[in-house]
Structure formats: C-alpha cells, structure tokens
Amino acid sequence: MTTITAPSPAQTTVPRQAAPPAAAPLTDIAVLSKRNLIRIVRTPRLLITSAIPPALFVVLFRYVFGGAIHTPGPNYADYLLPTIMILAMLLGATTAVAFATDLAGGMIDRFRSLPIARPAVLAGRTSADLLRTALVLAVSLGVGTAVGFRFHNGFLLGIAGLGLLLAFGYAMSWEMIWVALKVKDPETAQVAGFLPVVPLVFASSGFVPVLSLPGWLQGFAKVQPVSVTINAVRALTQGGPLFHWLWLSGAWIGGILLVFGTLAVIEYRKA
Amino acid sequence: MTTKPVIEVDDVFKSFGQTQALAGVSLTAEPGKVLALLGPNGAGKTTLVRILTTLLAPDQGRAAVAGYDTVRRAAAVRAVIGLTGQYAAVDELLTGRENLRMLGQLNHLGRAESRRRADDSLALFGLTDAADQQARTYSGGMRRRLDLAASLIGRPPVLILDEPTTGLDPRTRLDLWAAIEQLVADGTTVLLTTQYLEEADRLAHRIVVIDEGEIIADGTADQLKDQLSGDMIEFRVADPADADIAAAAVAPLAVGKPQIDPDSHRITLPAPEGAATLGAALAYLSDAGIAIADIGIRRPSLDEVFLSLTA
Numbered sequence: 001m002t003t004i005t006a007p008s009p010a011q012t013t014v015p016r017q018a019a020p021p022a023a024a025p026l027t028d029i030a031v032l033s034k035r036n037l038i039r040i041v042r043t044p045r046l047l048i049t050s051a052i053p054p055a056l057f058v059v060l061f062r063y064v065f066g067g068a069i070h071t072p073g074p075n076y077a078d079y080l081l082p083t084i085m086i087l088a089m090l091l092g093a094t095t096a097v098a099f100a101t102d103l104a105g106g107m108i109d110r111f112r113s114l115p116i117a118r119p120a121v122l123a124g125r126t127s128a129d130l131l132r133t134a135l136v137l138a139v140s141l142g143v144g145t146a147v148g149f150r151f152h153n154g155f156l157l158g159i160a161g162l163g164l165l166l167a168f169g170y171a172m173s174w175e176m177i178w179v180a181l182k183v184k185d186p187e188t189a190q191v192a193g194f195l196p197v198v199p200l201v202f203a204s205s206g207f208v209p210v211l212s213l214p215g216w217l218q219g220f221a222k223v224q225p226v227s228v229t230i231n232a233v234r235a236l237t238q239g240g241p242l243f244h245w246l247w248l249s250g251a252w253i254g255g256i257l258l259v260f261g262t263l264a265v266i267e268y269r270k271a
Numbered sequence: 001m002t003t004k005p006v007i008e009v010d011d012v013f014k015s016f017g018q019t020q021a022l023a024g025v026s027l028t029a030e031p032g033k034v035l036a037l038l039g040p041n042g043a044g045k046t047t048l049v050r051i052l053t054t055l056l057a058p059d060q061g062r063a064a065v066a067g068y069d070t071v072r073r074a075a076a077v078r079a080v081i082g083l084t085g086q087y088a089a090v091d092e093l094l095t096g097r098e099n100l101r102m103l104g105q106l107n108h109l110g111r112a113e114s115r116r117r118a119d120d121s122l123a124l125f126g127l128t129d130a131a132d133q134q135a136r137t138y139s140g141g142m143r144r145r146l147d148l149a150a151s152l153i154g155r156p157p158v159l160i161l162d163e164p165t166t167g168l169d170p171r172t173r174l175d176l177w178a179a180i181e182q183l184v185a186d187g188t189t190v191l192l193t194t195q196y197l198e199e200a201d202r203l204a205h206r207i208v209v210i211d212e213g214e215i216i217a218d219g220t221a222d223q224l225k226d227q228l229s230g231d232m233i234e235f236r237v238a239d240p241a242d243a244d245i246a247a248a249a250v251a252p253l254a255v256g257k258p259q260i261d262p263d264s265h266r267i268t269l270p271a272p273e274g275a276a277t278l279g280a281a282l283a284y285l286s287d288a289g290i291a292i293a294d295i296g297i298r299r300p301s302l303d304e305v306f307l308s309l310t311a
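For the protein sequence lines, the chains are A and B, in the order given. Under this note's numbering, think of the first position of the first sequence as 1, with each following residue one higher. Under this note's numbering, think of the first position of the second sequence as 1, with each following residue one higher.
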C-alpha cells in the first residue's frame, strides 16, 4: 500500500485574515445537480422501476376500469392520462428517500460544513429530480399515446400541459425534502413521501368525474391541488375552459413552492 | 509574540431534550498543534465537533474558529475548516476523482484547479489506481483516505476530525496518523476526537478528556500521567523468596506500601522524584544484599490515567 503524505496547506499561520470565498450559488447548484444526476444515471434500476407503476396504471385503468367509468368526451385515455402523469410525479417519491439517505450517511453534514449557500444543496437535489421526473413523464406519455391519448388542443398547449405537470412535480419535491428533513431516515421517508399521494390523487377529478363523488367529498375534490392541476392539464391537452383551472393550479403550485420551500430551508438550517 | 488560539470554546452548553450533551465546556487550541478530545461514547465529543463546524448552535456560551464566531460568522468559519465526520462522507456512486472534483468546486477552486488538486490528492493518498472506480467498491481504509482527501481539498488551515480511525485496520490507522502528522508539520491546526488513548498519546500536543459533557482533565499526555501519581519504579528480584524483604527494604521511599504482584513477584512503588528515587532504591536494595533481575522506571499508561479519571 502506498504511504500517505499530506499536501501542504496554503497557510501556516493563524488564518484570521482568510476571506470567505466569493459566493457562487448558481455554480454550487450546478455542481450539486450534476452530482445527483450522475447518481440517477448510475442507478438505472431505480429510474426504470419508478417508470413502471405509471405505465402499469395507464394500461390497468384504460382497460380494466375504462369500460365501467363514464366520463365526458369520447376517449377515456384522453381523460385518464393527465391523472396518470401527475401520479407519476408523486409516486416517484425518490426525492424524499434520496435526501434522507444523504442525511443519514453524513453527506449533508459535509455539504453544510462547506462555504456554500445552504439552500444550494436543496436546489441541487430538486433540479436533478426535475430531470428524472421529466423522464418518467415521457414514459407515461409514450404508453398513454400507445393506448389512445392525443393532444387535441394543439401541440404547443399540449407541451404547456406537460410543463405544468413538471412545475407541480417540482413544487412537490420541496415538500418531499421537508418530509425527509422531518423524518430523517430513508425507510420512513419512503412511506411518508407516499402519504399525500393516495388522498390527493384518488379523491380528485382524476379517475372519475367529481360529480360522481359524495357531496362531502366533492368540496375537497373540487379545489385540491391535484384536481385543479389535472383539470388545467386536461384543458391544455384536450380543450375546454382553461383560465379558471390554470389560475387555480398556478396558485397552488406557487403556494406549495413558497410554503414548503421556506419550511425546507428552515428545517435544513436546524438539521 | 503571543499566538492567538485558533479554536476557542467558552462555557458552551448544549442539551437535546432531557439529555445534557455539553455542560459548560471551555477549551482552546493553539495554531499548528493537535488537540485531542478524548472520551468514551456519549461524552459529548461529536456535539462539540458539530458546534465547531457550524452544524449546531450552542444553547449557551460561544465558540470561535480562527477568530470567527461559529454562529454569527458561520460562513467565514466554513471557509477555513475541513471536516471529516464519523462516517466516511463520500458519495458511493461517484468515483474517487469525481468526489474530489466536486468538493473542489464546492470550495470554489474553479474547474481547472479542482481537477488539478483532485489528481494531486489521489496520488498523495495512494488512490490513483482506483481513481475512476465508484467509491462503493473501495475498502473501508480507501474510503477513509478519500474522505480525508475530500476534507483537505480546499487546503483548510483548520482540520476537524471526528474519530478518524474508528474501524480501521492497524496499518491504515498508522498511515492516517502519518498523514495527520505531516499536515501538522506543515502548519495545519487539528482538532480530533478519539476513544483511543494510543491515538491521543501519539498525535496530540494536548489532550482534553471529556466525560458526560464536562471536561475532566486538560493537558499534555505527560501532564495527565503526572496527575495520576507521577512515575513508577518496577523491579523484579532474582529469587522470588526475597520479594518481601526487598519490599521492606525500599519501603522508606514509598508514599504508601510498595505493591508486590503475587504472580510475577514484581514490586512497584511510586517514584515522586523519578530517577533520584530509582538511585535511592538501588542503593537500599544493594545494602540489603538483594540481587535484582531487572529494574526500571516507567510512566503510568494513559489507560491507567483515563480509567482513574472516568471512574
């Protein structure tokens, strides 16, 4: 084995005068995102596994429930796919797990002892995960297209719909960071990250029309973020009244980002 | 010229719920020296490390590194420290080279300089051959070396090591010790925590013994050993039957009674005046006509000191 000889440090006196290096938050975010992206690329199994459930859901709902559920419009695939795509955003709760893993393994301590802007670590995580969710979204879109989903409202608005989904997923990744910081260990983060998914996605306009729900649930289902975002994406990809849903969805996304972004940063400072 | 301490901890308290982790700790570390924080598990060592590295704020009291307050000037503190935590905090999915380049860039060395230093560090720490393998394939020792290289990439003047050799094989431990000694020779100030007396004895210029959140001793290894009882004289008589007579012969020198080990028949007695006491003991034994097989003067071991302090 090679013997270690240590590098000589730059300073040999008391480093009182050492000036803090210039802050470069964008570079820090880029460096940390790159790290997280390399991790995503080097765990292809995780990426593939997280793309499977949405693809399965597309096929299941399209062919198992599609015949029994009566929805407006001629094609259940068109109705269904925005829901599956938002589910894809939420099911991939890997943000929470990955962040909790970094916390448990000492990586976050290392980052927090570096002269970098602290939120850069969180932004580096969420921006890398945005790219990952974009891939999962693309897979869902591909499978959806195979079972009959189409953009009926023009290509550009259809793309805008995908953009809205990504924005929603991005906002929710800050919620997942907050969850990871609260629960700390990866296993709990896995379960806790999944908690909001079931009520939000199923008690929504996602699979069945809201009017078919019992009255007490309709109130929640009409205004909650997943419903309004699904409605906005439907309007963007299929046509229909747009601005009402788009405004509500944008407000939710902005609100989630603001609230959970702030909470995550506060919790990170304490961690 | 008086040197200002690089690390100053002044009456720091920290609790987690009901648990008092630090109960009024004060210490200073001189520039270019190694300060070892020695104590059993749960003594509060890691809590103090986390305060010094800005990861935790003290409940009361203050801590400063390089003159910067760890709470109010946290960013400045982070710019002058390197931290090696208890876990080897390297990214397992990145290669050794990628880990070091990332840390270089996060230390704002710029891309080119980060590359250059990463390559240099890999060579220095004997990791060049494994540089392009993912860190998850590394052995425990390689991981530790990569971890240390990562915390040194920004050439921090203050290095904080939390149990750096826990779980390492003896060979790798010696290598790490040599690396730390080299760093100190080049002017780095080191604070390290350890549970190993041998490690503190070998590396530290000063040892602070901490137990249950309080400092129970502070000094050089030799001063700590003096605190126990000073030097010891230990001898063995040629004929075990003479042991009692020999013990009686040197009794006037001892503070208490000389101890006779029943199995080895070795006789030990405190030597408050060191070599002078040894000379006197030899004279007494010679007067009594007792032949001795061997005689020597020894320091109490740091283990004896530690056990007596934390008892």
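No wet-lab data here; the hints were simulated from the structure. Careful: at least some of the hints might be erroneous.
What the hints assert, rightly or not - Listed below are several chain A residues computed to face chain B (Cβ distance under 7 Å; list not exhaustive):
no.: 1; residue: I40
no.: 2; residue: P115
no.: 3; residue: R118
no.: 4; residue: P119
no.: 5; residue: E267
no.: 6; residue: R269
no.: 7; residue: K270
Said to hold, decoys possible - If you want a taste of the chain A side facing chain B, the calculated C-beta under 7 Å gives, among others:
no.: 8; residue: M107
no.: 9; residue: D109
no.: 10; residue: R110
no.: 11; residue: R112
no.: 12; residue: I116
no.: 13; residue: L130
no.: 14; residue: A134
Source: prediction; values computed, not measured. Backbone N, C-alpha and C define an ideal beta-carbon position, used for all residues, glycine too.
(request) Identify every previously stated hint that the structure contradicts and give their numbers, smallest first. (result) 1, 3, 4, 5, 6, 7, 13, 14
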